[in-house]
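Engineer: Number 222 marks the last residue of the sequence shown (the UniProt record's numbering); no jumps.
It should be emphasised that the hints constitute simulated quantities derived from the structure, not laboratory data.
What you are looking at is a predicted structure, and each value in this text was computed from that prediction instead of being measured.
Some clues are possibly wrong.
Label pairs and their computed distance ranges (CB to CB) [what the hints assert, rightly or not]:
| no. | residue 1 | residue 2 | range |
| --- | --- | --- | --- |
| 1 | GLY99 | SER70 | 39 to 49 Å |
| 2 | THR108 | GLY220 | 18 to 28 Å |
| 3 | GLY220 | ALA67 | 53 to 63 Å |
| 4 | ASP135 | ALA96 | 28 to 38 Å |
| 5 | ARG215 | VAL28 | 15 to 25 Å |
| 6 | LEU30 | TYR136 | 29 to 39 Å |
Ideal Cβ placement from N, Cα and C applies to all residues, glycine included.
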Amino acid sequence: MIAAPGTGEPAARGPDLSHDPAPPDQAVALGAAAVAGTVTATIPLTFPPDGGPTPLDQRVEDPISAALDSRPWIAEVLALPSNTWVVISLMLAGAAWFGWQHRWWCATAMVVVPEVAAGLNTWALKPFWGRPLHDYLAYPSGHTVHLVAVATTFVVLIESTRARLVIACCTVAAWICAAVGMIALDYHHATDIIGGAGAAIALSVLLCAAGGQVRQRMAGAD
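Using the sequences provided together with the hints, build the complete structure.
Structural biologist: Shown next as structure tokens:
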């Protein structure tokens, strides 16, 4: 079996992506993670003492509520990209794509990274910032973290620049739709959703980088 250039692994099945560049430069990815993490860490400085809506939240939420309060079904449809089962389906589809190419480490990372990111958000970030909404902690938005973590992990792991751009654009569109839906349904404030996206990008990039380091060390030890 022919080895894929520079990897020592069997050549991937599926479309020929040999003309595409390697995965994103780690310095660029880590820079993006730093910016995203800074955004997530800075937003809570704008919260009022009771954790209620910020002026930004109110500016975003007022027109959305005016447009969709009388049409809740539209809000439900818009929020669908953040639905847990939709996100899990996308995550498994990404893992299946890498499995089809015999890229087993990537297939594993495609499942592990988003789930670990979502877990860290639930059990560490939410309690740390402690922003209440209704009967739960809202910041950063868990549904947003899950969705954006799946997309970010896929973008980091794939090798096609065109595919990265397409996935990034689709993710932004889905994120905006989900944000409007969740705000209209009063599930989250706008800043919860912005912070969730930042947390997802930072956590996913760092987890992928850490996994890559472990993989290299294991390969070097063989």
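Engineer: Determine for every hint whether it applies to the structure shown.
Structural biologist: For each hint, the structure was consulted:
no., hint, in the structure
1, GLY99 to SER70: 39 to 49 Å, "holds (46 Å)"
2, THR108 to GLY220: 18 to 28 Å, "holds (19 Å)"
3, GLY220 to ALA67: 53 to 63 Å, "holds (56 Å)"
4, ASP135 to ALA96: 28 to 38 Å, "holds (36 Å)"
5, ARG215 to VAL28: 15 to 25 Å, "holds (20 Å)"
6, LEU30 to TYR136: 29 to 39 Å, "holds (32 Å)"
The earlier numbered hints are all upheld by this structure, with none contradicted.
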